[in-house]
Amino acid sequence: MARGRLSGQPKNRHNHCNWTDISHLFLLASIALYLPGCSSVGPSSVDRDRFDYINAISSSWKQQMLLNIVKLRYFDTPVFLTVSQIISGYELQGSMDVKGTLNIGSAMGDIVDLGPSGSFTDRPTITYSPLTGVDFLQVLIAPISPWNLLRLIIEGWPIDAVLQIGAQSINGLSNRKAGARSHAADFDFYRLLAALRRLQDADALDIRMEALKETDRVRTELVISRKDNSPEIQADTKLVRELLGLRPDQQEVQVVYGAASEKAHVISMQTRSGFQIMSHLGSNIEVPPEHAAEQRTYPPMPALSDSLSLPPLVRIHAQKSQPAPSDSFVAVNYRDYWYWIDDRDYRSKRVLTFLMIIMTLAEKGEKVQPPTLTIQGN
1 MARGRLSGQP KNRHNHCNWT DISHLFLLAS IALYLPGCSS VGPSSVDRDR
51 FDYINAISSS WKQQMLLNIV KLRYFDTPVF LTVSQIISGY ELQGSMDVKG
101 TLNIGSAMGD IVDLGPSGSF TDRPTITYSP LTGVDFLQVL IAPISPWNLL
151 RLIIEGWPID AVLQIGAQSI NGLSNRKAGA RSHAADFDFY RLLAALRRLQ
201 DADALDIRME ALKETDRVRT ELVISRKDNS PEIQADTKLV RELLGLRPDQ
251 QEVQVVYGAA SEKAHVISMQ TRSGFQIMSH LGSNIEVPPE HAAEQRTYPP
301 MPALSDSLSL PPLVRIHAQK SQPAPSDSFV AVNYRDYWYW IDDRDYRSKR
351 VLTFLMIIMT LAEKGEKVQP PTLTIQGN
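Each residue of the sequence shown is one higher than the last, beginning at 1 in UniProt numbering.
These are calculated hints, taken from the structure and not from any lab test. Being a predicted model, the structure only gives us computed values, none of them experimental. Some clues are possibly wrong.
Claimed, not checked - With a cut-off of at most 25 Å between alpha-carbon atoms, the simulated SDA-like pairs for lysine to any residue come out as follows:
| hint | residue 1 | residue 2 |
| --- | --- | --- |
| 1 | LYS62 | PHE51 |
| 2 | LYS238 | ARG197 |
| 3 | LYS62 | GLN85 |
| 4 | LYS263 | ARG151 |
| 5 | LYS238 | SER182 |
| 6 | LYS320 | ARG344 |
| 7 | LYS238 | VAL266 |
| 8 | LYS320 | TYR337 |
| 9 | LYS349 | PRO300 |
| 10 | LYS62 | GLY156 |
| 11 | LYS62 | ASP135 |
| 12 | LYS71 | ILE57 |
| 13 | LYS238 | GLY258 |
| 14 | LYS263 | SER279 |
| 15 | LYS238 | GLN200 |
| 16 | LYS177 | ILE357 |
| 17 | LYS349 | SER182 |
To be verified - The calculated label-pair distances, taken between Cβ atoms and stated as ranges, are:
| hint | residue 1 | residue 2 | range |
| --- | --- | --- | --- |
| 18 | LEU361 | PRO248 | 42 to 50 Å |
| 19 | GLN319 | LEU361 | 31 to 39 Å |
| 20 | ALA194 | VAL79 | 36 to 44 Å |
| 21 | ASP345 | ALA142 | 25 to 33 Å |
| 22 | GLN85 | GLU286 | 33 to 41 Å |
| 23 | PRO311 | TYR334 | 21 to 29 Å |
| 24 | ASN333 | GLU262 | 44 to 52 Å |
| 25 | GLU155 | ALA264 | 27 to 35 Å |
Ideal placement from N, C-alpha and C gives every residue a C-beta, glycine not left out.
Hey, can you work out the whole structure from these sequences and the hints?
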């Protein structure tokens, strides 16, 4: 019977070790199953990447525009790069080295050595397209179409600001011209803008657009108050007709591109190009006095004294030290000076945003679409 008890002891001990071995194997299998679940980064990266890239592109777009405005003030060459494609590729790898010894029936116990390792790789691919050739001509050199300006007015932009930025003359009334050969605006030009703004605020002004299929162009009409309004609105309506040389009863007038019109039902608007708008905005830069004295650029334009003159379209400051990020809407470094727009200057911010929008509207050429790629998310 003693032999029977001794022969049974190893058998029980062997069964106990089997359960321990199984628990170890189960632990290792769980770890192996867990690792692939941690390797997927695709879905979680969408929100982060989308907003990070939006902020980065927006910031670089503003900096590029401001830098080119500053460069034109110094008669330097503007260069535009467009971000045409962004591809984000991620790779998350994990591995687990397992070494162990199963000492079945030994008092030393089992020995398991785990060696985890991993790597994370971010490989963004960004494609830049320079603005050259026909696109450069269309966006920077060609005048902006009057209907593109009026389209912004339809969307709610102030008519006086849009025309002050984008129009050089309206029916022979000249806007201010900046640059080395600058001249003041006609007094009646400011009177016209002020009256049009009052009519816009009173909903006494309407703009209609009609696509002409036979010419692939847009017919644009300006409708001046048809209703009986207050004496002030009637006075502004009369003033607008007089300044534009329209008949006293003229309500609907066609807007075309040109310097002047001899027709009583047509308004000729000579618009500026993107290059002219940027040059005009650059005239408001507070350039260092020594740069003007050394003829690196022209001196600031003298301030106008008449009461109807509108304030500068944009104020661009210049200083040696970098402005505080909390104070600057956009800042760039050029010739060892920082040029920046104050974040508390809403008028200047609006004008810079307007310029970027209007130059986007000027892009008419066929865009070469980059190839469509499918990037694995994990």
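Against the structure, the hints:
A C-alpha spacing of about 17 Å is found between LYS62 and PHE51, which places the hinted pair at or below 25 Å, so the restraint holds. Proposed proximity of LYS238 and ARG197 is supported: the alpha carbons are some 14 Å apart, at most 25 Å. As the CA atoms of LYS62 and GLN85 are separated by approximately 18 Å, the hinted pair is consistent with the 25 Å bound. For the proposed pair LYS263 and ARG151, the alpha carbon gap of about 23 Å is at most 25 Å, so the pair holds.
Only pairs whose Cα atoms come within 25 Å are accepted, and LYS238 paired with SER182 is rejected, the gap being roughly 31 Å. Between LYS320 and ARG344 the CA atoms are separated by roughly 20 Å; this keeps the pair inside 25 Å, and the hint holds. Proximity of LYS238 to VAL266 is assessed by CA-CA distance (about 16 Å); at most 25 Å being required, the pair is judged to hold. Taking the CA atoms of LYS320 and TYR337, the gap is near 5 Å; set against the 25 Å cutoff, the hint holds.
A hinted pair counts as satisfied when its Cα atoms are at most 25 Å apart, and LYS349 with PRO300 qualifies at roughly 21 Å. Distance hint between LYS62 and GLY156 is fulfilled; the C-alpha atoms sit about 22 Å from each other, no more than 25 Å. With a C-alpha separation of about 20 Å, the suggested pairing of LYS62 with ASP135 holds against the 25 Å cut-off. This hinted pair checks out: LYS71 and ILE57 have alpha carbons roughly 21 Å apart, not beyond 25 Å.
A hinted pair counts as satisfied when its Cα atoms are at most 25 Å apart, and LYS238 with GLY258 qualifies at roughly 23 Å. Our distance criterion of 25 Å between C-alpha atoms is broken by LYS263 and SER279, whose separation comes to about 32 Å. Distance restraint check for LYS238 and GLN200: the Cα-Cα separation of roughly 15 Å lies within the 25 Å cut-off, and the hinted pair is therefore satisfied. This hinted pair checks out: LYS177 and ILE357 have alpha carbons roughly 22 Å apart, not beyond 25 Å.
With a CA separation close to 24 Å, the supplied pair LYS349 and SER182 stays within the 25 Å bound. The given range of 42 to 50 Å is broken by LEU361 and PRO248, whose C-beta atoms sit roughly 35 Å from each other. Our hint of 31 to 39 Å for GLN319 and LEU361 holds, since their Cβ atoms are close to 33 Å apart. Distance hint check for ALA194 and VAL79: the Cβ-Cβ separation is about 38 Å, which falls inside the suggested range of 36 to 44 Å.
For ASP345 and ALA142, the hinted distance range of 25 to 33 Å is satisfied, since their beta carbons lie about 30 Å from each other. Distance hint check: the CB atoms of GLN85 and GLU286 are about 38 Å apart, consistent with the given range 33 to 41 Å. Look at PRO311 against TYR334: about 25 Å separates their beta carbons, and that is inside 21 to 29 Å. Distance hint check: the CB atoms of ASN333 and GLU262 are about 51 Å apart, consistent with the given range 44 to 52 Å.
Hint check: GLU155 to ALA264, Cβ distance near 29 Å, so the stated range 27 to 35 Å holds.
Violated hints, listed in ascending order, are 5, 14, 18; each of the other numbered hints is respected by the structure.
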